[in-house]
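Trainee: Make a model of the complete structure from these sequences and hints.
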Amino acid sequence: MTKKILMVVTNADQLDKEHQTGLWLSEFVEPATELKEAGFEVVAASMEGGKIPIDPNSYSNELPRVWDGVMEPIHDTEKLSDLNPSDFVGIFFCGGHGSMVDFPNNETIQQILRHFISERKIIASVCHGPAAFVGVTDHNEKAFVKGRTMTGFTNEEEKQTGLEPLMPFLLEDQLKEEGADFIVHDAFTDHVEVDENLVTGQNHHSSLRTAQAMIKQLKDH
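At position 42 of the sequence shown the residue is numbered 42 (UniProt numbering), and the sequence of numbers has no breaks.
Everything labelled a hint here was simulated from the structure, so no lab data went into it. Since this is a predicted model, take the numbers as computed values, not measurements. Note that the Cβ used here is the ideal one computed from N, Cα and C, for glycine as well. Hints may contain errors.
Claimed, not checked - Derived CB-CB ranges, DEER-like:
1) Ser81 to Ser118: 14 to 22 Å
2) Gln160 to Val194: 21 to 29 Å
3) Glu196 to Ala38: 16 to 24 Å
4) Lys216 to Thr2: 14 to 22 Å
5) Lys17 to Arg114: 18 to 26 Å
6) Lys216 to His185: 13 to 21 Å
7) Asp220 to Gly49: 27 to 35 Å
8) Thr137 to Lys4: 23 to 31 Å
Said to hold, decoys possible - For lysine to any residue, the following SDA-like pairs were computed, each having C-alpha atoms within a straight-line distance of at most 25 Å:
9) Lys219 to Asp87
10) Lys216 to Arg120
11) Lys121 to Ile183
12) Lys36 to Glu72
13) Lys121 to Pro53
14) Lys146 to Phe169
15) Lys51 to Asp76
16) Lys142 to Arg120
17) Lys17 to Pro53
18) Lys146 to Arg114
19) Lys176 to Thr149
20) Lys159 to Val184
21) Lys176 to His139
22) Lys4 to Lys216
23) Lys216 to Asp76
24) Lys36 to Asn197
25) Lys121 to Gln160
26) Lys121 to Pro85
27) Lys216 to Pro85
28) Lys159 to Pro104
29) Lys146 to Asp190
30) Lys4 to Asp138
31) Lys3 to Asn84
32) Lys159 to Asp186
33) Lys4 to Gln110
34) Lys142 to Asn84
35) Lys121 to Asp138
36) Lys142 to Glu196
37) Lys79 to Asp138
38) Lys176 to Gln160
39) Lys17 to Ser58
40) Lys79 to Gln110
Mentor: Structure (structure tokens):
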């Protein structure tokens, strides 16, 4: 039976009236491609289900042809609360600024993640995706990220986007506040951290290597 990976994406399509947002497309497509090629089945889910908004800055009119089939799951995602986490061997949280809107302190995400934490399954995330970890605690009420070596979208990267004033918080600051050992490399460089069953990538340039590191962890697990 093919092992399944749950890929979680945002439904949020606006930061304010002037700023559209959504999923950063390559942060789904590149990992999904790698996972499928490695023999895993990818299931895409979101808080509300349905078609996913794509950040307009994350794609051009010249999308690679190979992306067509891989994008299919985000045209009609499953509703996260309808899924049984026991059906999946790993979970991957994709980024895009929309993730900062509907991932943090989300009860559905917290419930799903508790399963992956307690079963020590592989948990991966890239860019703004680690916003999903904000407010998540284990069964002992300890912050999930406390003492974990990880990365994600940095303060410097957020400043360079010009969208910092629209964010509910800075991801780097918030994860550090919850106890993460948050590792920062130069802005917009490919950077991945692996801490046991937790795999994180700093920004969209890290999407491919985050997926590759996740696959290695899945095979070694």
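Trainee: Evaluate each hint against the coordinates.
Mentor: Structure-based check of each hint:
1. Hint check: Ser81 to Ser118, Cβ distance near 19 Å, so the stated range 14 to 22 Å holds.
2. Taking 21 to 29 Å as the suggested C-beta distance range, the pair Gln160 and Val194 conforms, at roughly 26 Å.
3. Checked against the hint of 16 to 24 Å, the C-beta distance between Glu196 and Ala38 comes to roughly 20 Å, which is consistent with it.
4. For Lys216 and Thr2, the Cβ-Cβ distance of about 19 Å falls inside the hinted range of 14 to 22 Å, so the restraint holds.
5. Between Lys17 and Arg114 the beta carbons are some 36 Å apart, a value that contradicts the proposed interval 18 to 26 Å.
6. Judged by the Cβ atoms, the range 13 to 21 Å given for Lys216 and His185 holds: they are separated by roughly 20 Å.
7. The hint said 27 to 35 Å for the Cβ distance between Asp220 and Gly49, and at roughly 33 Å that hint holds.
8. In this structure the supplied range 23 to 31 Å holds for Thr137 paired with Lys4, their Cβ-Cβ distance being about 25 Å.
9. Only pairs whose Cα atoms come within 25 Å are accepted, and Lys219 paired with Asp87 is accepted, the gap being roughly 17 Å.
10. Proximity of Lys216 to Arg120 is assessed by CA-CA distance (about 15 Å); at most 25 Å being required, the pair is judged to hold.
11. At most 25 Å may separate the alpha-carbon atoms for a hinted pair to count; Lys121 and Ile183 meet this at roughly 22 Å.
12. Distance hint between Lys36 and Glu72 is fulfilled; the C-alpha atoms sit about 13 Å from each other, no more than 25 Å.
13. A hinted pair counts as satisfied when its Cα atoms are at most 25 Å apart, and Lys121 with Pro53 does not qualify at roughly 28 Å.
14. Using a Cα cut-off of 25 Å, the hinted pair Lys146 and Phe169 holds, with the two alpha carbons roughly 18 Å apart.
15. Restraint check: the Cα-Cα separation between Lys51 and Asp76 comes to about 5 Å, which is no more than 25 Å; the hinted pair holds.
16. Restraint check for Lys142 and Arg120: the C-alpha separation of about 15 Å stays at or below 25 Å, so the hint holds.
17. For the hint linking Lys17 to Pro53, the alpha-carbon distance of about 15 Å falls within 25 Å, and the restraint holds.
18. Restraint check: the Cα-Cα separation between Lys146 and Arg114 comes to about 15 Å, which is no more than 25 Å; the hinted pair holds.
19. Between Lys176 and Thr149 the alpha-carbon distance is near 10 Å, which keeps this suggested pair within the 25 Å criterion.
20. Restraint check: the Cα-Cα separation between Lys159 and Val184 comes to about 14 Å, which is no more than 25 Å; the hinted pair holds.
21. With a CA separation close to 21 Å, the supplied pair Lys176 and His139 stays within the 25 Å bound.
22. Between Lys4 and Lys216 the alpha-carbon distance is near 15 Å, which keeps this suggested pair within the 25 Å criterion.
23. At most 25 Å may separate the alpha-carbon atoms for a hinted pair to count; Lys216 and Asp76 exceed this at roughly 29 Å.
24. Taking the CA atoms of Lys36 and Asn197, the gap is about 20 Å. The hint holds against a cut of 25 Å.
25. This hinted pair does not check out: Lys121 and Gln160 have alpha carbons roughly 34 Å apart, beyond 25 Å.
26. Among the hinted pairs, Lys121 with Pro85 is consistent with the structure: their alpha-carbon atoms are about 10 Å apart, no more than 25 Å.
27. Distance hint between Lys216 and Pro85 is fulfilled; the C-alpha atoms sit about 21 Å from each other, no more than 25 Å.
28. Among the hinted pairs, Lys159 with Pro104 is consistent with the structure: their alpha-carbon atoms are about 20 Å apart, no more than 25 Å.
29. With a C-alpha separation of about 24 Å, the suggested pairing of Lys146 with Asp190 holds against the 25 Å cut-off.
30. Restraint check for Lys4 and Asp138: the C-alpha separation of about 23 Å stays at or below 25 Å, so the hint holds.
31. Using a Cα cut-off of 25 Å, the hinted pair Lys3 and Asn84 holds, with the two alpha carbons roughly 14 Å apart.
32. Note on Lys159 and Asp186: the hinted pairing holds, with a Cα-Cα distance of about 13 Å set against a maximum of 25 Å.
33. Distance check on the hinted pair: Lys4 and Gln110 sit about 20 Å apart at the alpha-carbon level, within 25 Å; holds.
34. A C-alpha spacing of about 23 Å is found between Lys142 and Asn84, which places the hinted pair at or below 25 Å, so the restraint holds.
35. Distance hint between Lys121 and Asp138 is fulfilled; the C-alpha atoms sit about 13 Å from each other, no more than 25 Å.
36. Restraint check: the Cα-Cα separation between Lys142 and Glu196 comes to about 17 Å, which is no more than 25 Å; the hinted pair holds.
37. In summary, the hint linking Lys79 to Asp138 is supported, as the alpha carbons are separated by about 23 Å, within the 25 Å threshold.
38. Restraint check for Lys176 and Gln160: satisfied, since their Cα atoms lie roughly 20 Å apart, inside the 25 Å limit.
39. As the CA atoms of Lys17 and Ser58 are separated by approximately 19 Å, the hinted pair is consistent with the 25 Å bound.
40. Straight-line distance between C-alpha atoms of Lys79 and Gln110 comes to about 15 Å, which keeps the hinted pair within the 25 Å bound.
Hint compliance for this structure: hints 5, 13, 23 and 25 are broken, all remaining hints hold.
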